[in-house]
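Q: In case you want the letters, here they are:
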Amino acid sequence: MILAIASGKGGTGKTTLAVNLALLLAETMPVAFLDCDVEEPNAHLFLKPTIETCEQVALPEPIVDKARCNGCGKCAEICAFNAILAFGDQVLTFPELCHGCGGCALLCPEEAITEEPRGIGVLETGWADRIRFIHGRVDIGMPLATPVVKAVRKRAKDTDGLVIVDAPPGTSCPVVASVKDSDYCLLVTEPTPFGLNDLELAVGMARELKVPFGVVINRAGLGDDKVADYCAREGIPILLEVPFDRRYAACYARGGQLVREFPKLQDGLRKLWLRIRMEVGGNGAGAACHQR
Amino acid sequence: MKIAITAQGSTLDAAMDPRFGRCEHFVIVDLETESYEAFPNEGVMASGGAGTQGAQFLANKDAAAVITGHVGPNAARSLQAAGINVYSMASGTVREALEAFKNGELPEVSGSTVRRHFGMGRK
Ligand code: SF4
Ligand code: SF4
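Residue numbers (my numbering), protein chains in the order written: chain A, 1 to 292; chain B, 1 to 123.
Okay, chain A solo, but in the shape it has when bound:
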């Protein structure tokens, strides 16, 4: 089962929930943890894995052979990302805009374009005790998080048991790539107006992707009831409410493991897991009812 944990915005405690759920469930079943927040991976700070492999994530980048180019401009026409331009006999490439789709090389009538791999990030795998740990990191300044996310997310296939996917915050392409094809998605939010607004966006995304989902309210008691009202109206299950506690924040700040330091949180997380399993049902069929 692939369980994605997402949130319409950063700082809602998404990673904390993902990490602690993984720690707890790993006691009784095989668990893999995929940190898909490749722009700012931070789950390793809490899980403290031993990294065993590190590989480069590369995209093919077009290289133009000027001697062969006839200046037809087909490459520039086909490129959806404006990453290759043709002015007469001059062809310009912009690697930081290129998505490596290969379209230009395919369409060039003179076979003047070859592709060479260009590193855009890394993918690391290892173990955090019994948890299989995988995360990626996109190179600084590289606006190409999605291909790195996909490289990480692909590893979900090679793992048995429960795969916990920690999605990046927001609802943009890298988030979609993380949540897509999951069996269930937890949307973590806060009971504040901002939280509600971002939750609505995240709900829209989950519905679009047809991934069944439920809500976890973090720092419950700090804000108002609008998130709860919204969920009731939309028929979205609230699977867990974690009360605000200054000690949790302090534990987080020093990279501590909440479930270990506050065993009373284990109950809530166990119930959460049972609810998720119920929602997903035997094969995930029963959970589609929150879709509209």
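Bear in mind the hints are in silico, worked out from the structure with no lab data behind them.
These figures come from a predicted structure and were not determined experimentally.
One or more of the hints may lead you astray.
[Said to hold, decoys possible] The following residues of chain B were derived to be distant from chain A, with all beta-carbon distances above 10 Å:
(1) A14
(2) I28
(3) A50
(4) R77
(5) A81
(6) F101
[To be verified] With a straight-line cut-off of 30 Å between C-alpha atoms, the simulated DSBU-like cross-links for lysine-lysine are:
(7) A:K271 - A:K66
(8) A:K66 - B:K2
(9) A:K157 - A:K271
(10) A:K74 - B:K102
[Unchecked claim] Here are some of the chain A residues that sit facing chain B, going by a computed Cβ distance under 10 Å:
(11) F87
(12) L92
(13) L97
(14) C101
Positions of the beta carbon are idealized from the N, C-alpha and C atoms, including for glycine.
Since the structure of chain A is provided, determine the placement of chain B with the ligands on it from the hints.
A: For chain B with the ligands alone, kept in the frame of chain A given last:
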């Protein structure tokens, strides 16, 4: 010779748009015939590469120069490769920009005038 002006509207009296890649319209004026055509800029909606797209568009339209406010690094490199001269003017109408250009009042710029993604609003 054709010259392009980045504009917020599609007429000679429209206000200039200081953004290059994300301008609303390109108004392209033929200085010999004094006729003009306006094109909505498809780069407004581009998720990336708005500047390079704009440069390709102007090159395809045979513009020899462009009057605009801010040009990002990718657009600057593209315009240079395309042999399109860049003249700087940040405000006024399209007509005023043309006059200023004809009177030789506009400074020619080379290279980028702003950092990447300037002119991109919230995504
Ligand atoms: S590989 Fe795709 S994205 Fe890159 S320049 Fe070619 S057509 Fe554009
Ligand atoms: S498609 Fe090939 S031949 Fe045509 S301009 Fe591009 S590189 Fe040159």
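Q: Please verify whether A:K74 and B:K102 have alpha carbons no more than 30 Å apart.
A: Violated, at about 35 Å.
Q: Does B:A14 clear chain A by more than 10 Å, comparing its Cβ with all Cβ atoms of that chain?
A: Non-interface label stands for B:A14: nearest chain A Cβ at 25 Å, farther than 10 Å.
Q: Interface hint check: A:C101, Cβ to nearest Cβ on chain B, cutoff 10 Å. Holds or violated?
A: Violated, about 13 Å.
Q: If you draw a straight line from the CA of A:K271 to the CA of A:K66, is it 30 Å or shorter?
A: Violated - the C-alpha atoms of A:K66 and A:K271 are around 64 Å apart, more than 30 Å.
Q: Evaluate the condition: distance from the CB of B:R77 to the nearest CB of chain A exceeds 10 Å.
A: Label violated. Min Cβ-Cβ 7 Å, cutoff 10 Å.
Q: Minimum C-beta separation from B:F101 to chain A exceeding 10 Å: can you confirm that?
A: 22 Å, holds
Q: Is it correct that the beta-carbon of B:I28 has no partner in chain A closer than or equal to 10 Å?
A: Per Cβ check, B:I28 is outside 10 Å of chain A; nearest 17 Å; holds.
Q: For the hint on A:F87, does the least C-beta distance to chain B fall short of 10 Å?
A: 4 Å, holds
Q: Since B:A50 was said not to touch the interface, does its Cβ keep a gap of more than 10 Å from each Cβ of chain A?
A: At about 7 Å from chain A, B:A50 fails to clear the 10 Å cut-off, so the statement is violated.
Q: Hint A:L92 vs chain B: min CB-CB distance below 10 Å?
A: 5 Å, holds
Q: Run the C-beta distances from B:A81 to all of chain A and say if the shortest one exceeds 10 Å.
A: 5 Å, violated
Q: Next pair to validate is A:K157 with A:K271; report whether the Cα-Cα distance is within 30 Å.
A: 26 Å, holds
Hint compliance for this structure: hints 3, 4, 5, 7, 10 and 14 are not met, and every other hint is.
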